[in-house]
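Student: In order, the protein sequences belong to chains L and A. Quick note on this note's numbering: the first sequence kicks off at 3 and runs consecutively. Quick note on this note's numbering: the second sequence kicks off at 3 and runs consecutively.
Be aware that a few hints might be false.
Copies of the same chain are indistinguishable here, so a pair counts whether it falls within one copy or spans any two.
Unchecked claim - Mimicking SDA-like on lysine to any residue, the simulated pairs with C-alpha atoms at most 25 Å apart in a straight line are:
{"#": "1", "residue 1": "K221", "residue 2": "D281"}
{"#": "2", "residue 1": "K221", "residue 2": "V132"}
{"#": "3", "residue 1": "K237", "residue 2": "E254"}
{"#": "4", "residue 1": "K221", "residue 2": "L126"}
{"#": "5", "residue 1": "K260", "residue 2": "R97"}
{"#": "6", "residue 1": "K243", "residue 2": "T217"}
{"#": "7", "residue 1": "K242", "residue 2": "V187"}
{"#": "8", "residue 1": "K237", "residue 2": "P111"}
{"#": "9", "residue 1": "K298", "residue 2": "D5"}
{"#": "10", "residue 1": "K137", "residue 2": "E113"}
{"#": "11", "residue 1": "K280", "residue 2": "T217"}
{"#": "12", "residue 1": "K49", "residue 2": "R275"}
{"#": "13", "residue 1": "K47", "residue 2": "Q125"}
{"#": "14", "residue 1": "K156", "residue 2": "R200"}
{"#": "15", "residue 1": "K54", "residue 2": "F157"}
{"#": "16", "residue 1": "K237", "residue 2": "A82"}
{"#": "17", "residue 1": "K237", "residue 2": "R275"}
{"#": "18", "residue 1": "K141", "residue 2": "D222"}
{"#": "19", "residue 1": "K54", "residue 2": "N240"}
{"#": "20", "residue 1": "K285", "residue 2": "E48"}
{"#": "21", "residue 1": "K280", "residue 2": "T213"}
Since the hints were made in silico from the structure, they are not lab data.
2 protein chains.
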Amino acid sequence: MLDLCLLGTGGMMPLPNRWLTSLMLRCSGSNMLIDCGEGTQIAMKEKGWSPKPIDIICFTHFHADHISGLPGMLLSIGNAERTEPIHIIGPKGLRRVADGLRIVAPELPFEVIYHELEEPVQQLSFGPFVIDAFKVNHKVTCYGYRVSIRRLGKFDAARAQEQNIPIRYWNRLQHGETVTLDDGVIYTPDMVMGEARRGLSVTYCTDTRPTPAITEMAKDVDLFICEGMYGERDKLDNAKKNRHMMMYEAAEIGAAAKPREMWFTHYSPSEMRPDIYKDDIWKIHPVKFARDGWTKDLTFDDEDKD
Amino acid sequence: MLDLCLLGTGGMMPLPNRWLTSLMLRCSGSNMLIDCGEGTQIAMKEKGWSPKPIDIICFTHFHADHISGLPGMLLSIGNAERTEPIHIIGPKGLRRVADGLRIVAPELPFEVIYHELEEPVQQLSFGPFVIDAFKVNHKVTCYGYRVSIRRLGKFDAARAQEQNIPIRYWNRLQHGETVTLDDGVIYTPDMVMGEARRGLSVTYCTDTRPTPAITEMAKDVDLFICEGMYGERDKLDNAKKNRHMMMYEAAEIGAAAKPREMWFTHYSPSEMRPDIYKDDIWKIHPVKFARDGWTKDLTFDDEDKD
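Isolated chain L (complex conformation) (with noise of 0.2 Å):
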């Protein structure tokens, strides 16, 4: 089970009731953040979720409203008493910027170890996560982030008879691992399990004129989170000149990509009511207009919720 928290849905600043866009995913004991900007780790806190067990931090971008709570994150993860090291994935200049925060955060208990990004499109797995970046078009480097918990296929008890496969070696082969036999016989996982299943996937996306990019990782995905910066198309000039997409034009990609289902998050300050726009942009998509702390549970298609 994949389960997750918007903690924030705020742009540029962060205001009373509307922490900044954030998100916090959860899969078989380890955890990841999205963007840390001021003020997540008190959303986290209010939420209840511990941020001792985050494993990776990913952010899009260099803005504050994204990275200036880095530093306080950090020092509650170590106030927390973690001592397993963390991942810190984002845009090229990462470790500059990070360690200029951190002059206020400069002894942790734990290893922080960077990875920049370089590729216009680069996968990195860590633990159950499976992260694809992909670059967007904001005024500065800018990254989305599509995460996935991937699914073996079944085993296939038929196959495994078929070729002979000694029963005691099933369980280690259905969980993955080859076996090498001392007389060099080896038997590999694909020679039993049937095709990967449907994973699950998250599709993370804010701070970019829309791009083909954006459409094609969000493809499919169970849930797609995407910034809805402005209501008003008449805003489309202001959209335009600082990078940020209107709702209407979201929602077109929501239209192309087909996730299953779509959320709004980094509303402009100036949209206090965001949903007032829900008529206009159902005509295009059904997105649903998300809110501080709105979670989800996904579970495989033919796995229960407990």
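On the provided structure of chain L, position chain A as indicated by the hints.
Tutor: Relative to chain L, chain A alone:
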């Protein structure tokens, strides 16, 4: 008149419903802020006070809970279209730390002027504020601040008449101006003004063990705001180790300094209900257990509030 708001009362880390310790003061259209941890700009917006008129920001020290909100605050002040310079005051190393944090706020529409404190006691003046910075005793270099608004003496018409000072110069002298006539005669304000009257003063002090300088600087002030990190007396070893102040130690300073009013702030996250120690503390001094957003209007002694 001087009015102030204790924007937050938390120490160490921001919590849901408890912002980090920070004080905002306003006088004659000029605002100043002492400390700016993560979330301070939200606390200010919650209070409905604009960040735009902030002319001065003082930092006690460079631990994250006192300074990590700086880049977001500066960006919000910039978004409010301020163009006048801002003075930032703090211990040695201020420019290095502020520049580190400003890696996410490099471009601002106003100038930032740094003032690094070098003496154990140092006085600076900006607009109506006379600021006495005094070194305290924390794990890193840390200062407390006494902020004063001066009040001139009363104009003494009898003395002016005795000295045959022409009436047409009285107004200028009364407003502190020296008048030099063509024939070389000089009239100075002290020729016509009585002794300076009691002004207004507020002392703010946090993150320190007790020191004589604090008692000295809190003497007779209108309001003394002081760290009350722990209430339980068995936390003394912890307080000593991390150079923080116990509530009873702060109360003892209050009893000696005799401020007109005293508030606790900078509570440990472990002190969820600081006022449970009231009976213990009031045996020493009637300190008020301040909470986020407490305000106070201070007026000159014989002046009506409005």
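Student: For each hint, tell me whether it holds in the structure or not.
Tutor: Hint by hint, here is what the structure shows:
For a Cα distance limit of 25 Å, the shortest separation of K221 from D281 inside one copy, 24 Å, qualifies, whereas the shortest one across copies, 63 Å, does not. Proximity of K221 to V132 under the C-alpha cut-off of 25 Å is restricted to the intra-copy arrangement: shortest distance 16 Å within a copy versus 62 Å between copies. Only within a single protomer do K237 and E254 lie at most 25 Å apart by alpha-carbon distance; the minimum there is 17 Å, versus 59 Å between protomers. Only within a single protomer do K221 and L126 lie at most 25 Å apart by alpha-carbon distance; the minimum there is 19 Å, versus 60 Å between protomers.
Taking identical chains as interchangeable, the C-alpha atoms of K260 and R97 are never at most 25 Å apart, the minima being 36 Å within one chain and 50 Å between chains. Proximity of K243 to T217 under the C-alpha cut-off of 25 Å is restricted to the intra-copy arrangement: shortest distance 22 Å within a copy versus 55 Å between copies. When the C-alpha separation of K242 and V187 is checked against a cutoff of 25 Å, the pair qualifies neither within a copy, at 61 Å, nor between copies, at 66 Å. In this assembly of identical chains, the alpha carbons of K237 and P111 lie at most 25 Å apart only when taken from different copies (23 Å versus 46 Å within one copy).
For the identical chains of this complex, K298 and D5 are intra-copy neighbours only, at 6 Å inside a copy versus 46 Å across copies, given an alpha-carbon limit of 25 Å. In this homomeric assembly, K137 and E113 never come within 25 Å of each other (Cα to Cα): the closest approach is 27 Å inside a single copy and 34 Å across copies. With identical chains, the CA atoms of K280 and T217 are at most 25 Å apart within one copy only, with a shortest distance of 21 Å there and 60 Å across copies. Proximity of K49 to R275 under the C-alpha cut-off of 25 Å is found in both arrangements, the shortest distances being 22 Å within a copy and 21 Å between copies.
Taking CA atoms no more than 25 Å apart as the test, K47 paired with Q125 passes in neither setting, with 30 Å inside one copy and 40 Å between copies. For a Cα distance limit of 25 Å, the shortest separation of K156 from R200 inside one copy, 11 Å, qualifies, whereas the shortest one across copies, 84 Å, does not. For a Cα distance limit of 25 Å, the shortest separation of K54 from F157 qualifies neither inside one copy, at 35 Å, nor across copies, at 65 Å. In the homo-oligomer, the alpha carbons of K237 and A82 lie at most 25 Å apart only across protomers (19 Å), although the nearest pairing inside one protomer, at 44 Å, exceeds that limit.
Taking the shortest Cα distances, K237 and R275 sit within 25 Å of each other inside one copy (16 Å), while across copies they are farther apart (47 Å). In the homo-oligomer, the alpha carbons of K141 and D222 never lie at most 25 Å apart, since the shortest distance is 28 Å inside one protomer and 54 Å across protomers. In this homomeric assembly, K54 and N240 come within 25 Å of each other (Cα to Cα) only across copies, at 23 Å, whereas the closest approach inside a single copy is 39 Å. In this homomeric assembly, K285 and E48 never come within 25 Å of each other (Cα to Cα): the closest approach is 35 Å inside a single copy and 36 Å across copies.
For the identical chains of this complex, K280 and T213 are intra-copy neighbours only, at 23 Å inside a copy versus 60 Å across copies, given an alpha-carbon limit of 25 Å.
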